[in-house]
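*Asks:* Which chain is which? The protein sequence lines are P and S, in order.
With numbering that gives the first Met the number 0 applied, the first sequence corresponds to residues 0 to 190, in that order.
With numbering that gives the first Met the number 0 applied, the second sequence corresponds to residues 0 to 185, in that order.
Since the hints were made in silico from the structure, they are not lab data.
Only true hints are included.
Among the chain S residues that face chain P by a calculated CB cut under 10 angstroms, a handful are: (1) SER20; (2) LYS21; (3) ASP23; (4) VAL29; (5) VAL31; (6) ASN32; (7) ASN42; (8) GLU43; (9) GLY48; (10) VAL111; (11) VAL180; (12) LYS182.
The list that follows gives simulated cross-link-like pairs (lysine to aspartate or glutamate, EDC-like), each with its CA atoms no further than 20 angstroms apart: (13) S/LYS108 <-> P/GLU157; (14) S/LYS86 <-> P/ASP137; (15) P/LYS127 <-> S/ASP33; (16) S/LYS15 <-> S/GLU174.
Not the full set, but computed from the structure, chain P residues with beta-carbon under 10 angstroms of chain S: (17) LYS134; (18) ILE138; (19) ALA141; (20) HIS142; (21) GLY143; (22) ALA146; (23) GLY147; (24) ASP149; (25) TYR150; (26) TYR154; (27) GLU157; (28) ARG159.
Quick caveat: nothing in here was measured; it's all calculated off a predicted structure.
Where a beta carbon is used, it is the ideal one built from N, C-alpha and C, also for glycine.
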Amino acid sequence: MMNMLVAKPTGVEIKIKKRTLIFSKTDVKGDIVSVSDSFEKISGYSNNELVGSPHNIVRHPDMPQTLFRIMWSKLRQGKEVKVIVKSLAKNGDHFWLSSEIEIKKDGNGDTRHYISYRKPVAKSAIKKLEILYKKLRDIETAHGIEAGIDYLNGYLDENRMSYCDLIISSMESKDRVLSKFTELLRNKVNK
Amino acid sequence: MIKPVPTGVEIKLNPKKYIVSKTDRKGKIVYVNDYFSEISKYNEVELVGAPHNIVRHPDMPKIVFKIMWNSIQNNRNITAVVKNLAKDGKHYWIITDFDIQKDANNEIKNYVAYRWAVSPKIVKKIEPLYKKLVEIEQTQGDEESENYLNNFLEEKNMSYQQFIENIAKPTKASEILLNSVKKLFS
Numbered sequence: 000m001m002n003m004l005v006a007k008p009t010g011v012e013i014k015i016k017k018r019t020l021i022f023s024k025t026d027v028k029g030d031i032v033s034v035s036d037s038f039e040k041i042s043g044y045s046n047n048e049l050v051g052s053p054h055n056i057v058r059h060p061d062m063p064q065t066l067f068r069i070m071w072s073k074l075r076q077g078k079e080v081k082v083i084v085k086s087l088a089k090n091g092d093h094f095w096l097s098s099e100i101e102i103k104k105d106g107n108g109d110t111r112h113y114i115s116y117r118k119p120v121a122k123s124a125i126k127k128l129e130i131l132y133k134k135l136r137d138i139e140t141a142h143g144i145e146a147g148i149d150y151l152n153g154y155l156d157e158n159r160m161s162y163c164d165l166i167i168s169s170m171e172s173k174d175r176v177l178s179k180f181t182e183l184l185r186n187k188v189n190k
Numbered sequence: 000m001i002k003p004v005p006t007g008v009e010i011k012l013n014p015k016k017y018i019v020s021k022t023d024r025k026g027k028i029v030y031v032n033d034y035f036s037e038i039s040k041y042n043e044v045e046l047v048g049a050p051h052n053i054v055r056h057p058d059m060p061k062i063v064f065k066i067m068w069n070s071i072q073n074n075r076n077i078t079a080v081v082k083n084l085a086k087d088g089k090h091y092w093i094i095t096d097f098d099i100q101k102d103a104n105n106e107i108k109n110y111v112a113y114r115w116a117v118s119p120k121i122v123k124k125i126e127p128l129y130k131k132l133v134e135i136e137q138t139q140g141d142e143e144s145e146n147y148l149n150n151f152l153e154e155k156n157m158s159y160q161q162f163i164e165n166i167a168k169p170t171k172a173s174e175i176l177l178n179s180v181k182k183l184f185s
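Generate the whole structure from the sequences, applying the supplied hints.
*Replies:* Rendered as C-alpha cells:
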C-alpha cells in the first residue's frame, strides 16, 4: 500500500452518468484487489494507487462509521449487503454510489473476496440519506458507534424497514433497468 | 446540563402526530423520532444518551413517575398524562403509552413510549391534582405526596391507570392510529 495524503473534501459532487457500472473487489481484510476502469476514473486514483490499498482510501468523512460497522458485521455473517455510500475522490470531490456487495467463497466455503457492484444514486435518495447520515455521524461522534447503531435501528423500526429496504426504496423504480445491468455485470465479472 | 426555566407558554401539539422515543432498560434515550426533536427543541445528539427526565417539568409530581416506572419495570403497560418541558422553557401536555420490548431471554431490553396530544379538558381535570401533589411533596416530602394520591384514588376506588383511562379515554380514531404506529415497533 502506498502512503497517500487524503484530500480535504471540496463539497463538489462528481456527477456519474446513469448507466455507468462500477465495481471493486477486495480481499477479506478490505484491501482492494481489482477495480473497474470506471472506478479509477471517478475516484481519480490510478490502478496502482488503488490495488493493495484498504478500501477506505475513498472513505468520505461525512459517512457515519455506524454503516460500515453494520456492513462488516453482516458480511462476516455471510450476508450480502446493500448500502449507499458517499465517497471521496483523490482531489477532494465526492460521489454517491449504491453498492451491492457479494461474498466470494473458495472451495472450502471460506470467504476469499468481496465484490461491490456500484451504480449511481437518484438525487432524492441522496437528499434523504444525507439527513440521516448527518444525524448518525453527530450521534456517534458524541456518544459512540453503539449509540449510532441503536439510533439507526430505531429509525428503521419506525419506518418499518431493514437498512436494505431503505436503500431499495431510496432508489427510483426506473433503476430496475440498472438492476438488470448490475446483473449482467455480475455475470461478466464472475465468468 | 442546565434545566430550562419554564416560561408558562404551552406548545400546541398536532393531534395527528406522535412523539416517539425508545429508551434502554435504565431509561436512557436511544432513539427519538423527528417530532420529538421538533417539539422538545433538543436535537438528536442532545437527546440520545440522555436520561428521559431531560424533558421533565418541575410541575410534575415525582409520584407519577414512580408509578409509571414501577409499572413498566414489572412488564405492565401504563397510560399517563404528563407535562413536559421543552428546551426553550415552553411546555406541552401529552398522554403516554408504552411498548415493552424484550430480548431472546425474555429480559426487558427497551421501552418505546408513544405520546400524543391531550385535550385542554383533560389537562384541566388533572392539573389541580398534580399541583396539590407537588405542593405536598415540597412541604411534607415524597411519602406524604404518595399518601395523598393513594387516598385520592382510594376514594374513587381506582388505580392511577383507571383514573387516567377514565378521564382521558382515547377516541376510537386515535386508538386505531396508535395501534398502527405501535405495530411498526413490534
